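Engineer: Spelled out, the chains give:
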Amino acid sequence: MEFMLTEEQQLIEDTVARLLEKQWDPRRDQALLSADVARLPLWHELAELGLLGIALPEEHGGGGMGPVELTVLCRRFGRDQLRSPFLSSLILAGTALTCSPRGALRDQWLRRLAAGEATLTLATLEDGAGYDHHHTAIEGQRCQPGYMLNGRKRAVMDAAGADAFIVSCRLDGELALVLLAPETEGMAVAPYAAFDGSSLATLTFNDALLPEEAVLARGAEARAALEAALAQGALAAAAETLGACEGALERTLDYLRLREQFGTKLARFQALQHRASDLHADLEMLRSLVSGAAQSLIHEPSHADAFAAMALAVPVGDRVCREAIQMHGGIGMTLELGIGRYLLRVNALSRLLGDATYNGQLYLERMEA
Amino acid sequence: MTDLSRSEEIRFRQEIREFVASEVPESIRLKVAQGRDVSRDETIAWQRKLVARGWGAVHWPKRWGGTDWSLQKRFVFEEEMALAGAPSIPPFNTRMLGPILLEYGTEEQKARFLPGALNMDQWWCQGYSEPSAGSDLAALRTRAVREGDYYRVNGGKIWTSYAHYADWMFCLVRTDPEAKKQKGISFLLLDMRSEGVSVEPIHHFYGAHLLNQVLLEDVKVPVEQRIGEENTGWTTAKALLEHERLATSRHAEARRKLGRLLALAKANQDESGALYQRADLKARIAEVAVQVKALEFATRRGLEMLIRDGRIGVFASSLNLKGVAINQAVDEAIMDIAGIDALAADAAYDGLPRDLLNDGGDARYVAESRYYLRGPAIAAGSNEVQRNIIAKHVLDL
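Chains as they are written, first to last, in numbering that gives the first Met the number 0: chain A, 0 to 368; chain B, 0 to 396.
No lab work stands behind these hints: they were computed from the structure.
There's no promise every hint is true.
[As the list claims (entries may be wrong)] Dumping the calculated DMTMM-like pairs for lysine to aspartate or glutamate here, alpha-carbon to alpha-carbon at most 25 Å:
no., chain 1, residue 1, chain 2, residue 2
1, B, K72, A, D354
2, A, K264, B, D395
3, B, K281, A, D354
Source: prediction; values computed, not measured.
All chains should be built: construct the whole structure from the sequences, respecting the hints.
Structural biologist: Here it is as structure tokens:
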């Protein structure tokens, strides 16, 4: 087990940090919705540097790396508050595609994802299922020349800009993953903005036509691909939360060292020192768990440790990012300072990938199995 | 950096588990599972079994009965011992005194004290804290005045774990009252049977007797029982192995207790069936399980730092702070799951089905085990001291 980054992983971290420093300013770009970011030059630079497809298969233009490298990227995106379709397209849809059986449809989309030519998103969440992305009730009815779908998928990330959707459903009584184009007849995409700047959408299927050749995976293969995508998604969200906390705490400590009240630096107050120390200790635990879980996923793509990481990230993220605002005082409330942006993101991630209770239960059930 | 291959590690763990299963008597196994104190005689008997197996002090050099194992192998050994439910040996003999003697003792001192410390022919205790020197240890005032070939020691020690069992005490005394705090302290080995030594019990609020006050009145300690030079005792005492600082996370203990929590939750019933089915309790258990997993990875990360850099530095403070908090969280959850059964403080309680008693479903003594863990949040650098260390060294506040 390795918790330290290798030289190569450190290089990836440095590369993306430099790129974001040049091309991404959360204050300037805060009006952008996440889906729009795929149209910025930044996105193409990420592709050219091989970072978008870092964990996609080498034979389709990817980097062939894995969970540790993805974690490095997501952590940095959290720290620098980049909202983009990376989580929806490269992590969730990318993992689902990679883990689906080989075929022309899969291979072609993997190439396009790695090249930065297209984005995909994964549509899993159904009405009445809470946070449970594993729950799939929408069932395709047999028809000519394939199936007909009815129902809704909720909180689909970055659907507004997506070139296609990977949708979970049931076909002939078993789980399936299918790939649908936005212009699919009978499918409606209703985008909306989330409080953190994410672009989301509700997908409605009304006798939507699903041709046989749109099926990516069925049965056990579909199950494995979906499980891997959701585990990798939970880990990525935990890593992004960790990065957000690191960014928020670092800026807060800088402020405590600078700001004076009652004739002394805020950093001299023991009450604030102890709170900051507690946040640091919490982050050391989260850092350890995110790194450890990334190692676990290398050997088993849907390892339960990913859900443990997210279950810890949710309360730690909320606490650290709330405290960052509180310790700044009045200025912490302002849009202009932007310290609150971290809190918006970690809270949105815990809606998108599930809260602490949901992820904790997943961990407990799988740990015991 | 890993010197044990995966298959070697699995075999080694298996070997340890089999050893514990065959060598730890049933009565002691139950005490450990219940989180209860093992007696003086039981502890000594277990240490001697370990010594016979060559495992009495795995971090000592082979020449003195140790193993010369790598850090990683020692970590696996200690982890597996704790997971298997072996009684833990108090750290004073082999983990605290041993390394200090090995580093600062003369050859005569090593030959005189190491074999007995290993075999527990002498039970050692640690005389550091004093009534006015707790977290601020360097404020200690017990005075040692040189009179020819011996020191005359006056003063007293407090919070001395197992002093009532001890044959000997290693202690810090003030030899130069004029020097600055840390500079005037010496490290002495003191025979508890010397004239002028008396031990008064201090009971924990829940009744257990572990701690003591040790009064020292004109106690004569021969000069050859001083370790290191006069007035260098502070440095000597700090020779605690970095390795020990990893152990303060108590991660294996937390994992074993998590197992007890799960067993209790499944065994105990209310009107709606096993408590484990109750959503609120299941969420609570999941929360604890997640924290224990984080602690396990954090401890392994600490081991990696130790192997790579030879030290874990201030990361130890986070490990200590969270290790204690997470162990307490497991204990609190156990107590809540045990419900009414948690009231039982002795073996006479028969409210549990017989088949649960030996199977981790035993809720007797859970309160005792829980309250014991309030102690580590105070000893060896209280939570507040750890927070000061983090603020100073990591956060630069």
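Engineer: State the violated hints by number, sorted upward, taking the hints as numbered earlier in the document.
Structural biologist: 1
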